[in-house]
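J.: Chains as they are written, first to last, in the numbering used here: chain C, 1 to 276; chain G, 1 to 276.
Just so you know, the hints here were simulated from the structure itself, not pulled from any lab data. All values reported here derive from a predicted model rather than from experimental measurement. Take these hints with a grain of salt, some might be off.
Which copy? The list can't say, so a pair holds if one copy fits it or any two copies do.
[Stated by the list, open to error] Derived lysine-lysine pairs resembling DSSO-like cross-links, with alpha carbons at most 30 Å apart:
(1) K147 <-> K198
(2) K2 <-> K20
(3) K64 <-> K212
(4) K249 <-> K124
(5) K177 <-> K108
(6) K218 <-> K177
Here is how the chains run, residue by residue.
Protein chains: 2
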Amino acid sequence: MKIELAENYGFCFGVKRAIKIAEENTNAATYGPLIHNSKEIARLDKDFKVGLVEDFQTFKPGDKAIVRTHGIVKDELAQLKENGIEVVDATCPFVTKPQEIAQEMSEKGYDVVIFGDESHPEIKGVKSYATHGATVVTSVEELHDLKFHERIALIAQTTRKVEDYMEIANYLIPRHKEVRIFNTICNATFENQEAVRKLSKKADVMIIIGGKNSSNTKQLFNISYENCPNSYHIEDENELESEWFLNKKHCGVTAGASTPDWIIQNVINSIEKSIN
Amino acid sequence: MKIELAENYGFCFGVKRAIKIAEENTNAATYGPLIHNSKEIARLDKDFKVGLVEDFQTFKPGDKAIVRTHGIVKDELAQLKENGIEVVDATCPFVTKPQEIAQEMSEKGYDVVIFGDESHPEIKGVKSYATHGATVVTSVEELHDLKFHERIALIAQTTRKVEDYMEIANYLIPRHKEVRIFNTICNATFENQEAVRKLSKKADVMIIIGGKNSSNTKQLFNISYENCPNSYHIEDENELESEWFLNKKHCGVTAGASTPDWIIQNVINSIEKSIN
């Protein structure tokens, strides 16, 4: 039986990159959780001595601080460097980009509007780069009472749905001379869905790995099930049943965005064992 | 009886300005019709000796050429000047603006997309300013087979409906890294409608002047009629009936976008006579 991974699955590019950076920087600490996955954070602590610090002022000169995927507030980054902390930047490049846009647009005199969650670390970081300030909104309604100048730069949190972003854009465009819209939404989730759609059309058994409560994993399962009735949603290798693979020729594997590679690898190893 | 003109009515700012320029430049000729109103063009010819030239190469050195409200193709403008023609620019400032935007965005490396009618003189002019070319579309469907780079600048013909413009924007935004949307739609029609709405709420008789086939004049009449049942749509002063003004205290007057001021003035003079 052929085992084939989806073209896009599990951790996105930014998360994979951050974990690699953490693994290469033992005896360090991340400022805030590196990613939103406690198992993976525990593994980094145990295997690579990468700890977790919640208050950046805890870092002492000579310490090594890893900036999480979501980025960091500009002033805190400056203060870490000022305090003699070695800073290792694991900010997702898809987050660095909106930070740069916020700064450039603010300095060019645009009113910067950010569509996202003001309390989310990513947005705290992006907003801090807008030299002359930025307005953060989560819905069109919040815009009704706000006044802007003629030229607006619009930025979205990377994880937002594009349909919701368009609502904000559609409100602003007719009301202003220029609206400069930056498509800063990361399409990793979308790509995972496209990949499972493609793979499930040719496989005769599909394994979808991820938390049973994970919304994006459930979506992957639903897409897979539409094309391949032999689709199974599992959390790890312990749930596999060897009869699923009886007389099967092509096993497709994918995983939700919160599933680390090592869990996926364990699943693949177990499937291989079960068919031999 | 008080006679009050709507805050916005008839010719838009750009048309009024162009006619004033033409009147101040006797013994000249416009390159193409100055505005889309033959009565007015005949008047300018008769009273101010402002003729009409359809081919710009007809102009001879020393001639005075008036550029129409819709603007002119960049190369033709250069050639007129090169040929020693005195150029008087009556381009509407709301058209000059998209010309400048097209040039600046094209030179900054944006793919310039223009929403408008490629055969319209305004769009021919605007497009000619995009140094590296521009794509003109009239519908979303036309975009389906087109490929652009990551950064797009979007410009609209001044007379387009904003809802249609948003459709184009909504297609482009999710598909590109940056879409810079310039709201180049002129809101003169919209303003005339707002003004007649306001005036017809306080007047007890309303006179709406404009061609019987004029779509925008009919819209003005409909809005007026909702608020003031004594609303009358006329083409000129000959249609006025004195009984309309019997026992009335407040007469509102407005006019469609193709109605020259002198027709409006004739109507007002006749109303004044009829009530004295």
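J.: Enumerate the violated hints, using their earlier numbering and listing them in ascending order.
T.: Those not satisfied are hints 3 and 4.
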